[in-house]
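**Student:** One-letter residues, chain by chain:
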Amino acid sequence: MAGIVSYGAYVPYYRLPRSIVNEAWGRRGGTGEKAVAGFDEDSITMSVAAGLDCLNGTDPKTVDALFLATTTAPYKERQNSTIVATVLDLRREARNADFGNCLRVGSSALLSALDAVRAGSLKSVLVTAADMRLGGAAGEDELAFGDGSAALLIGDGKAAVEIEGSYTLSDDLVDYWRSHEDDFVRHWEDRFGRDAGYMMIPIEAAKGVLAKLNITQKDIAKLCLYGANTRAHQGLAKRMGFDPSQVQDPMLDTVGDTGAAQPLMTLVAALEEAKAGDKILLVSYGNGSDAIVFKVMPEIEKIRDRRGIKRHLEIKRTLDNYGRYLRWRNMVSLPPSNRPPGAPASPSAQWREHSSALPLYGVKCKKCGTPQLFLSGSSTRAHVCLECLAKDEFEPYRFADKRGKVTTFSHDYLTGGIDPPVTATVVDFEGGGRGEFDMVDREPGECKVGMEVEMTFRKMRYTYGTHTYYWKCKPVRD
Amino acid sequence: MPGSIKDRVAIAGMGCTRFGERWDANAADFLVDAAYQAFEDAGIEPGDVEAAWVGTQNSGMTGMTLSEPLRLPYIPITRVENACATASDAFRNACYAVAAGIYDIVLAIGVDKFKDSGVSGLTDGSTPGPGHAMGSGGMPPRAFARLATTYFDRYGLSYEEGKHMICRVSWKSHVNGARNRNAHFQREVPLETMINAPMIAWPLGLFDCCGVSDGSAAAIITTPEVAKNLRKGKEPPVFVKALQISMSPRDGNYNPKFDYTHVETTVRAASAAYKEAAITDPREQISMAEVHDCFSITEAVTMEDLGFSPRGKVRDDIESGFFDLDGKLPIQTDGGLKCFGHPVGASGIRMIYEMYLQLQGRADKLLNPGMPSRQVKNPKLGLTHNLGGAPAGCAIFVGIVGLEGA
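Just so you know, the sequences run in chain order A and B. Sequential numbering from 1 applies to the first sequence in this note's numbering. Sequential numbering from 1001 applies to the second sequence in this note's numbering.
Rather than coming from a laboratory, the hints here were simulated on the basis of the structure. Any given hint could be a false lead.
Sample of chain A residues with no beta-carbon within 12 angstroms of chain B, all distances over it, derived [what the hints assert, rightly or not]: (1) 158; (2) 218; (3) 371; (4) 393.
Listed next, with one range per pair, are the computed distances between beta-carbon atoms [what the hints assert, rightly or not]: (5) A:443 with B:1372: 21 to 31 angstroms; (6) B:1187 with A:369: 51 to 61 angstroms; (7) B:1161 with A:443: 22 to 32 angstroms; (8) B:1310 with A:443: 31 to 41 angstroms.
None of the values given here were measured: they were computed from a predicted structure. Heads up, the beta-carbon is just placed ideally off N, CA and C, and yes, glycines get one too.
Construct the complete structure from the given sequences, taking the supplied hints into account.
**Tutor:** Structure below.
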């Protein structure tokens, strides 16, 4: 039966305590912290991170489509989902699609994937939901919004989680919005959004699905309810008829309001704790509401080795510098750079070598078995084996999923960029092969020759309207 | 050795401009200055030059870079580019043409004018290929800093010990450069200041990095007979003993065999040069050297790669003053890239120029007033070395020049 066969999630390494933001603006207090995507992360890189966590062992060539959900797509024209699919090494035949423009879009993508798999037109769909909405400086959204992502693999095999039913309401109730020109979310009078929107529409959707399945609140082990603030979230859960013990924490005090990613992130967190037989009710909100009832199956036990939400929450470092956050988000005017900006990768050169550079493929020599990652400024294609000199006798060899050890590094203060210094490393991979990568999510003082690192897909720069992506490395922290 | 250049060509005259951030002059000014110094030194007219090789990384395309400012009439000129080994390679090709018997008098000259770029350090003028997605646009300091990181780690040096060692390299070059009125930097700097200077690319600080300069250097290369004739009644000509270039396969950043504690390409070029010049014990036989000290750690590691110090032991030689002007094997007697400066396309011939002056006993020609002599006592053989590129992928030149019979 069609259902969820795998899950994954990602929470960025850095967490900004709300008290630090408040302090910067002369205010006191502040509850909890929010997850902050690094200067080189966006909804594409976070979708990749959650997607990698979810695929974990699944051959990406067996995935028929990638549905990417976000309200913060880096590109308005250029398919964001196909960038993610290329990085994750899906087939060129994959039927990718971008879902956007609404906080309910994660559950919409999930339902679309489920429909496609049930209809038999696709066998396996990877759904990713990521968001990093920007709050204007000193505003409430700046405190509220956090960054993160989740991924679900919908398949037609033996599901770990089955989907029993759903109920959808679409309603062009405008309580908050962003036009094509807006960097920040606009809000109508909040009592209208609360009284006519958030406190009403999800209840209707939840009632709808429960009635459809002929079950009650008591049959639900966990409610995964979207919430933008704790008080309203708790109030709505109560009004829906749920006991606080049934309500899954929406992570507002640890991650923040992750917008379109929140429903699926909360669902992943619930699945991490769920046992076979549990029913979970997911209720999203945004220009309507999707209410979906899931049933957890025994296969859930086979997919426990994800980092998911729980382990990502533990892997963190406090960002104790509000100025650094503003700089990451391009929210302060910096002096002009002393050096010209780096050129973006040539689209023709990059397209030609997409298949190796984006999914991080090197080669393995068929004669001598030596893995090698060939990356010069002008080519990513090896022709002559560096070990045995055999010509064009290679098979593809992927490095993205390999860990490695730092052979050497330098903290480069000269190159500049958004978050100096750049830690420029050379990494020797387990199983052979070497590459040169920037290291992120690290403190300069902790870097050592021999430290273990893993690969992470990041943005190298944004210049001339182009996001240039590639891989970096980061310390292994589990 | 068959095919050896040893004693088959000689340097009849040389010239070198003042190096530095020369806001006052352009590439043509430098070329004319260096070339005419060399003509005068050799006692020839521009019209005597039968062919020329002009090396430049960034300051002109084609041989017309040279023929235009010098108004050289329709002679063959080749433009050479080989990163920091550019000038040395122009020199090497010029020597081969004379050794082949094609010409009797040729000019090898190098030039670069960087300081109109508006940025510190070197610029990246390459076409954006797929690789442009992959790097964070780093400049040379980080690439060489990683030699230091791994060298310190391999040989168990604490940061303080390693940092002291590399700053001692730069300290010595500042002592030498301070005596040289054509050098880019002409001030001695206390070691403590160097150790505590701002970081550029950890663990390299400001004084671990050479300057980027403007300037030119030139050599007149002839047969030994012509050279002796031209220099009759003057200091003796200097003979070419070895010219070797080695190209790394540029795989250090994807081949785990590259150990980041030494530069194999230098080892290969040096070994070929020693064979060509019949040198068996470089630490004893070489009188002095100008090596590629783009960064302090580069010079330290190069001392081992050239066989001047035992592997892993260069610190002893650096700290004991073995490479100081009054040491057993003086290095960077003119201040090196660190202080004399580094116009990439000119540096190789600038190094040979210093060896040339030292071998002729003329090193104090450019002595800063009131400073002690920087003349090396009775030098016989001088070695020059360039590292073009980065440790992980480099074009290496090792050359040896010396007096007749040495």
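**Student:** Evaluate each hint against the coordinates.
**Tutor:** How the hints compare with the structure:
no. : hint                                  : verdict
1   : 158                                   : holds (40 angstroms)
2   : 218                                   : holds (54 angstroms)
3   : 371                                   : violated (10 angstroms)
4   : 393                                   : holds (17 angstroms)
5   : A:443 with B:1372: 21 to 31 angstroms : violated (47 angstroms)
6   : B:1187 with A:369: 51 to 61 angstroms : holds (56 angstroms)
7   : B:1161 with A:443: 22 to 32 angstroms : holds (23 angstroms)
8   : B:1310 with A:443: 31 to 41 angstroms : holds (37 angstroms)
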